[in-house]
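Asks: Work out the full structure, taking the sequences as your base and the hints as a guide.
Number of protein chains: 2
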Amino acid sequence: MNARTLEQWIPDIKESLKASTSTDFQRIIDEFLPYDLARIHSQLSDMEQARFLQFLNEEQLADMIQEMEHDQQIDVLGRLDQEKTALILDLMDNDDLAILLDELSQEQKEELMRGMRDEESQFVQNIMKFPPETAGRIMTNRYVWIPQHYTVSDVVQKLKAFVSIAETINYLYVIDQERKLVGVVSYRALILAEPGETIVEIMNGRVLSVPVDADQEEVAQLIQKYDLVAIPVVEADGTLVGIITVDDILDVIVREADEDIQKMNATGGKSIDFHTKAVNAAARRLPWLILLLFIGLISGTIISVFEQTLEQVVALAFFMPMIAGMTGNTGTQSLAVIIRGLATKELSRPVVVRLLARELKVGIMIGVICGIFIAVIAYIWQGNLYLGLVVGSSLIATLIVGTMAGTVIPLILFKLRVDPAVASGPLITTINDILSLIIYFGIATLFLSYL
Amino acid sequence: MNARTLEQWIPDIKESLKASTSTDFQRIIDEFLPYDLARIHSQLSDMEQARFLQFLNEEQLADMIQEMEHDQQIDVLGRLDQEKTALILDLMDNDDLAILLDELSQEQKEELMRGMRDEESQFVQNIMKFPPETAGRIMTNRYVWIPQHYTVSDVVQKLKAFVSIAETINYLYVIDQERKLVGVVSYRALILAEPGETIVEIMNGRVLSVPVDADQEEVAQLIQKYDLVAIPVVEADGTLVGIITVDDILDVIVREADEDIQKMNATGGKSIDFHTKAVNAAARRLPWLILLLFIGLISGTIISVFEQTLEQVVALAFFMPMIAGMTGNTGTQSLAVIIRGLATKELSRPVVVRLLARELKVGIMIGVICGIFIAVIAYIWQGNLYLGLVVGSSLIATLIVGTMAGTVIPLILFKLRVDPAVASGPLITTINDILSLIIYFGIATLFLSYL
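Residue numbers (the working numbering), protein chains in the order written: chain A, 1 to 451; chain D, 1 to 451.
Keep in mind the hints are simulated off the structure, nothing from the lab. Incorrect hints may appear among the rest.
Since the list gives no way to pick one copy over another, a pair counts as held whenever it fits inside one copy or between any two copies.
Said to hold, decoys possible - Listed next, the in silico BS3-like pairs over lysine-lysine satisfying Cα-Cα at most 25 Å (straight line):
(1) 361 - 277
(2) 225 - 277
(3) 14 - 225
(4) 14 - 84
Replies: In structure tokens:
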């Protein structure tokens, strides 16, 4: 979106790597953003990469590494000496560093962290103790905190020292003598205040915060609802221990949405992306497919129970895929509404009652319309009025039942604190498959003498 | 997460509404965030709401209205006199205001906007001209721009005047005489600079921007990749016309994920949420269900082609739901990976080739494992070795074909610039249904003499 795209810069950068000194090179590279540095790095040859890493300063290296995939991160750190590595790890955001370290063995971790400043390595080891997907795990210590007795001009002094390491400067968090969070001051308020005012006078005492053990999805909801750029993280006694910034929350939201989709499509909890190896992708998909295989066999067993009916009227088999497919589909349609609703909204009793009533109405409407439709088609196709009536009335019943199953089951799972997305995609398709076959063959068997 | 929850404040607020003057009330309400004001408002009686609206100042009202649902917004604005309404609309973020106005009739719009400042109403009308889901539509004019010849101390002066209306203060955008965007200065850089330095000296000239007609999803990707808090919007000639902030992008990402899920589950483009009326929900779901009905009939027709095979070996019907179900499922598993991959990643030729190779391997692995498994089960259940072999080899073939279909079809749709999510959920299930029946009955018919 710039006059000159990144790709057009690459030849110049390669040239400058060959010809220039580190200082000349800095003049060119200075204005590139970290994500661009990572992209540039990936387009260089091995030799060029070595010089590139040598020419970048520690801050640029730390920022760039944060934007890389895990394999690249390890590769780059492996090319640097221990002293430089330690400096870079000190400069990295702790939450990103925790993710980097997380996938390494204990030995590799220690090897990398040797030489880091105590304070930094302590903090990282500390956040790695929190369970995955909690606030404690994604928080950073790159923020500005202010003792409550400071004046505005004290704060401005402190800021000059801290601003280069702070991840966000939108809010300054105010703490008391025991490091407990007591308020927040926005930069706005600070700029508009007089130098002599104290922080307590201009701070907002109603500061939103999250406990360290809060689920990252809850944190995301708070940040989204309140349009925040960051939120402080506190321990049970109110001690300020870190902040979570909106850029990490963006990643959380994208990942959670991916997970919802993959769970609904039965690829299991662990996510599969473009980089996952075939064996791993297959291994993650297999358990679900095997489960679905057994479930498919239950449908088969139901059909086998009605074998005599089917033998007498083979034409019943023609409508089986349509009825099972539509029942499954109306169920997952309802499910999709619930899953995403649960991800962003609160669920009160009146909301549930209204939702159930609505889905019942929806089920009846689509059932009656599709049922009449298929009855006519079946009659015309097979020339058998009773077959038409059996197929039509079955579809009405299965669509109503299927719609309700797609609504009720995820709500029950939610009440039981099972993540509804993980269990209900395949579960609902299956239940609806089985229900639709029982209803269809049940009705058909009842009217067998007319068929 | 505060010592006292919002609900615990409500009685005090009600009390204060009854007893106090506007000034006393302000002391209590001052520190509440806009989203909380909206929640408080919704918990008051009609009488209390009237006083509440009277006691809040224009800025609080504007902020609160931005956090409300559309119906509530109209309700609140309807209770205020025209002068106050105009003041509030002037203060609202233009992107939020555009959304509010968008659902009104031309008359209602004019009625509401009468009295607004020309500059503000012009800007809003301007952004409403851009197509939905583009950068121009979600941009705001609440940002700070700086002529390039300013010194640092000029900027600090200007800031004091502008900071109360700016939506984000992380970046100041630098423009030349023709209002063209030439750089960006972070607050960090500004705080660390000397008062006498000029902006050109400390600005970053490689400023990322998006064109007004960029798709909002592209904007979201840029903001996410580069970890930005805001991005400037420019016209084709580089003129700065607005900025897009990360809080709006959070909403975009959540909405796009919802849409992906709903499209994959065939509820169509228009989204259904907890508030959608039954008739509308049914109307949006029906077209897809009717389509699926016809598609289900195609499966029926295929079965009817193989009627003789089925009549001779009715047991073939027992395995039909399992084979069709698993083939459909492996297809949507692959689809889910592609859809979300496309939402966040770039698609180059090598990526596509690697992806196809991987999915082929995955298909073969899961096909062979599930195939052998079901062959054994079918043999044990039905006591017929050839039936076991037919079912097993069919499942191997259909799982490989189904996995590839789930990968190739969305990629082709993407190349053809059809949104792969909208067409491929039901499309892939259907194609896989049909393919699986043809393969299964085809193989069965070939070996009919042994069954």
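Asks: At most 25 Å between CA atoms: does that hold for residue 14 and residue 225 within a copy, between copies, both, or neither?
Replies: Result: close only across copies, 24 Å inter versus 46 Å intra.
Asks: At most 25 Å between C-alpha atoms: does residue 14 with residue 84 qualify within a copy, between copies, both, or neither?
Replies: Classified as within; 23 Å inside a copy, 60 Å across copies.
Asks: Up to 25 Å between alpha-carbons, please classify residue 361 paired with residue 277: within, between, both or neither.
Replies: between (45 Å within a copy, 10 Å between copies)
Asks: My question is about residue 225 and residue 277: at a cut-off of 25 Å on alpha-carbon distance, are they close within one copy, between copies, both, or neither?
Replies: between (37 Å within a copy, 24 Å between copies)
Going through the hint list in order, the structure satisfies each hint without exception.
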